[in-house]
Amino acid sequence: MNDHRSVSIVMIEDDEGHARLIEKNIRRAGILNDIKHFTDGTTALDFMFNHKDGPALNGPALILLDLNLPDMSGTDILAKIKGDGPLKRTPVVVLTTTDDKVEIQRCYDLGCNVYITKPVNYESFAQAIRQLGLFLSVIQVPEIEGEG
Amino acid sequence: MFERLVTRIGGSSRTVSRWLIVCMVIGFASLVLAGLSAAWLTARTQDHTSWINHTYEVELAIARANTLVEQAETTRRGYVISGQPNYLEIYRAAAAKLPGALTRIEHLTGDNPTQQASLRKMRVLIDALQGRRDRTNALVSAGRLDEARRVFVRDTDARQMPAIRALSDAMAREEERLLALRDTEQRSSVQAFYATLALAGVLLLIVAIISVGTILRYMRDLAASRDTLRDFADSLEELVKERTADLSRANEEIQRFAYIVSHDLRSPLVNVMGFTAELEAATIAITGLIDRAEETAPDIVSEEARLAAREDLPEAIGFIRTSTQKMDRLINAILKLSREGRRVIAPELLDVEDMVSGVGESLQHMINDRNAQLIVEKPLPGIVSDRLAIEQILSNLIENAVKYLQPGRPGLITVRGSRDGARISYEIEDNGRGIEPRDHQRVFDLFRRSGNQDQPGEGIGLAHVRALAYRLGGMIDVRSELGKGATFRLSLPTSLADAATN
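Protein chains in written order, with our numbering: chain A, 1 to 148; chain B, 1 to 502.
In short, the hints are calculated from the structure, not lab data. It is possible that some hints are incorrect.
[As the list claims (entries may be wrong)] With a straight-line Cα cutoff of 27 Å, these simulated DSSO-like cross-link-like pairs (lysine-lysine) come out:
| hint | chain 1 | residue 1 | chain 2 | residue 2 |
| --- | --- | --- | --- | --- |
| 1 | A | Lys88 | A | Lys36 |
| 2 | B | Lys336 | B | Lys403 |
| 3 | B | Lys326 | B | Lys336 |
| 4 | A | Lys80 | A | Lys101 |
| 5 | A | Lys24 | B | Lys326 |
| 6 | A | Lys101 | B | Lys336 |
| 7 | A | Lys36 | A | Lys80 |
| 8 | A | Lys101 | B | Lys326 |
| 9 | B | Lys403 | B | Lys326 |
[To be verified] Each pair of labels, with its calculated beta carbon distance range:
| hint | chain 1 | residue 1 | chain 2 | residue 2 | range |
| --- | --- | --- | --- | --- | --- |
| 10 | B | Tyr470 | A | Thr43 | 19 to 29 Å |
| 11 | B | Lys326 | A | Phe49 | 24 to 34 Å |
| 12 | A | Gln140 | B | Ala285 | 35 to 45 Å |
| 13 | B | Ala305 | A | Val138 | 16 to 26 Å |
| 14 | B | Glu278 | A | Val138 | 49 to 59 Å |
Virtual Cβ for every residue (Gly too), placed ideally from N, Cα, C.
For reference, chain A alone in the conformation it holds in the complex (with noise of 0.2 Å):
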């Protein structure tokens, strides 16, 4: 990534299990970034629009989505991201149970950019995890609009 420490990573995922897993597998990838945990919705969306650490105003981000929130559907959220906005071309890696191909196509439509459907064996899921993390090492994040 552009700067190890400038992208942070936010995780909506509002199964705390998961999100545990996740977060000690990216760490196993050797990810050192902050990761930021948000078990819902409106909070994420506040944070991300909102706070002064969020990534509209503070920064690069990378957002790894999960679409079973319990206060609104991750594909709302999605679309707000992606609508027009200062986040608009922050990568969204939806990491979710759903494998349904109606609800795939949909994301992309979209705009996410990334669709992985977590694999209830956990080997996989790990080495997906692991691989998003290599992904993530390797990626360029685009600069937030606005920014100097």
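We have chain A; now place chain B onto it with these hints.
What follows is chain B alone, placed relative to chain A:
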């Protein structure tokens, strides 16, 4: 409600036919009556006519006798007055005919005592008159004209002619009386006839009115019943549509439920598996420590700790792992079934022979490995149905046949099909290990299996096949004997599109 309607119609038709029969009987009876009356009247009229004729004949005879008597009288008078012999001849001619005429009257009025009495009186008078006439004629013939005239005047005084005329009038009047009587009788019988005709007419009219009325009412009833039936049929259709809609909704509900459940069950499963793997990793670290501790400081390693690290932890983790894996497979199976239920069915014309060959090819490896043989009895009837579903069913059934062979017997799997009107059935027969009769229904249940559990599987295949068969409007069943083999029969409508619209 239908039953009541049918009974009412049936009942009223019976009543109607009874009424109609009664009316027709009355109608015919009236006609017969009218006919008989006409016949009777004709006879009576003939009778009357003959009697009237008779009366006229009698009158005629009386008149003739009268004429003869008068003729005799006038000719005698002429003879007496003129003395000419031709008067005598005519008189003699008339006098000769008179007995005959009187006899005729006697003959004709044989049944009438009044007339007979009158006739006898007349005869007496005529005989007396005849005597006198003969005498006067003789006198005239003898030339004694004056004497003859004197006798003649005396005869006239004796008033026999008037008496005879009076009698003859009386007889004529008697006949006239009889005539009037018979006339009246005739008129009354004619009236009787008309009365009977009128009665018959009225009866027929009543019968007609009743018949027409009954028929009209029956037809109105029928029309009303038909309308009611139509309403029933309409409401029945509405009901069926409602129920079908209800059923589809219920079905959709179940599909959604299965889908949601599987997904929501997957989420915690990810956690269980994930953290079990973490546990495993952690166990390795601990085991490593125990190993090193055993080497360097064995006294701090308690038996409990060693067992825990070496046996308990790995065993527990092992069981958790296999169970979660199994749960994963089961959830996937449910998800697949529910997805199948939601998929849109696309009927098309299928070449089933082709599809079976395709399945055979894809299973070729397995078939060869297990020393089995797949035979297709051609021709297999084609069908209009969903391609994917039929493929899945055939594939599953044939694969099962190859999987569940009888050890020691080379497997022979036969596929055949037949068409029976609007339904087609395909049979997949094998000579494998067979299924016990009490498990014939069980094998189609989800997650249930039967017999020797030496083949991998979850008990999903046949449940899936049955669900698919139902969705295609068909059925599946099995005939089997343990140890002899099994025949699975799939019965489907010939055309799914038609079945759907029906």
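The hints, checked one at a time:
no.	hint	in the structure
1	Lys88(A) with Lys36(A)	holds, 19 Å
2	Lys336(B) with Lys403(B)	holds, 22 Å
3	Lys326(B) with Lys336(B)	holds, 15 Å
4	Lys80(A) with Lys101(A)	holds, 22 Å
5	Lys24(A) with Lys326(B)	holds, 26 Å
6	Lys101(A) with Lys336(B)	holds, 13 Å
7	Lys36(A) with Lys80(A)	holds, 19 Å
8	Lys101(A) with Lys326(B)	holds, 24 Å
9	Lys403(B) with Lys326(B)	holds, 21 Å
10	Tyr470(B) with Thr43(A): 19 to 29 Å	violated, 47 Å
11	Lys326(B) with Phe49(A): 24 to 34 Å	violated, 44 Å
12	Gln140(A) with Ala285(B): 35 to 45 Å	holds, 37 Å
13	Ala305(B) with Val138(A): 16 to 26 Å	violated, 44 Å
14	Glu278(B) with Val138(A): 49 to 59 Å	violated, 27 Å
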